[in-house]
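Starting from the known structure of chain A, arrange chain B on it as the hints suggest.
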Amino acid sequence: GIQVEQSPPDLILQEGANSTLRCNFSDSVNNLQWFHQNPWGQLINLFYIPSGTKQNGRLSATTVATERYSLLYISSSQTTDSGVYFCAGDSNTGNQFYFGTGTSLTVIP
Amino acid sequence: GAVVSQHPSWVICKSGTSVKIECRSLDFQATTMFWYRQFPKQSLMLMATSNEGSKATYEQGVEKDKFLINHASLTLSTLTVTSAHPEDSSFYICSARDAGLSVTQYFGPGTRLLVL
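Protein sequences appear in the order of chains A and B.
Numbers in this note's numbering are just positions in the first sequence, counted from 1, shifted up by 293.
Numbers in this note's numbering are just positions in the second sequence, counted from 1, shifted up by 60.
For reference, chain A alone in the conformation it holds in the complex (with noise of 0.2 Å):
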């Protein structure tokens, strides 16, 4: 199966930096979503990205499809940015959606 690498796996951050979390997949993958798990596990969808760059608010997201990585940005982080961000992907026969190792980011005050 395909294998999918995020870094760093752990982050802490002052509230109002800057971050940027990186996923490298070790195969093409199709429908790559960024997703934010708050602590009570809910896994909320932030980008979908197959290519390309979004911006939402204080979020960005870019993939490089080519290049089979992709960066999620975090800007002026605040305490609620804290848990832990997945980036996920389809097989190419679409079957089956790999999750990426995650990255937890705690923003402390």
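If you're looking for bench data, these hints aren't it; they were derived computationally from the structure.
It is possible that some hints are incorrect.
Stated by the list, open to error - Covered stretches of chain A, going by a simulated chain B footprint (3 or more residues, C-beta under 8 Å):
#1 321–334
#2 389–402
Said to hold, decoys possible - Here chain A is said to cover these stretches of chain B; the calculated rule only asks that three of the stretch's residues, wherever they fall, bring their Cβ under 8 Å from a Cβ of chain A:
#3 104–116
#4 136–149
Backbone N, C-alpha and C define an ideal beta-carbon position, used for all residues, glycine too.
Below, chain B without anything else, positioned relative to chain A:
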């Protein structure tokens, strides 16, 4: 839009009993639903993919007789953990893919299972 619900949100049961978890797409039709398992501080592991009206496809290492999946309608899939044991304790999450043009997956809030 695109809301997925799960029920129950948490369950505690005795070893040897069976537990059924429901996953519903509330405002869209889902031809495909996925079931995941997540252990503390780990990523989500895909257990099986269910398509409406057909048998589920299980990932390698997942016992199909242990984790029964039924996708009887375009809005409902169920996961039954049969003869649960303490090692089955985990956080189970379902997701659904819109039957329309969207390929985005939407996730339920998860079910925490504790087997005593």
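These are the hints, each one checked on the structure:
1. 321–334: holds (count 6)
2. 389–402: n = 8 at 8 Å, threshold three: holds.
3. 104–116: holds (count 4)
4. 136–149: Violated - the stretch 136–149 of chain B has 0 residues with a Cβ nearer than 8 Å to chain A, which falls short of three.
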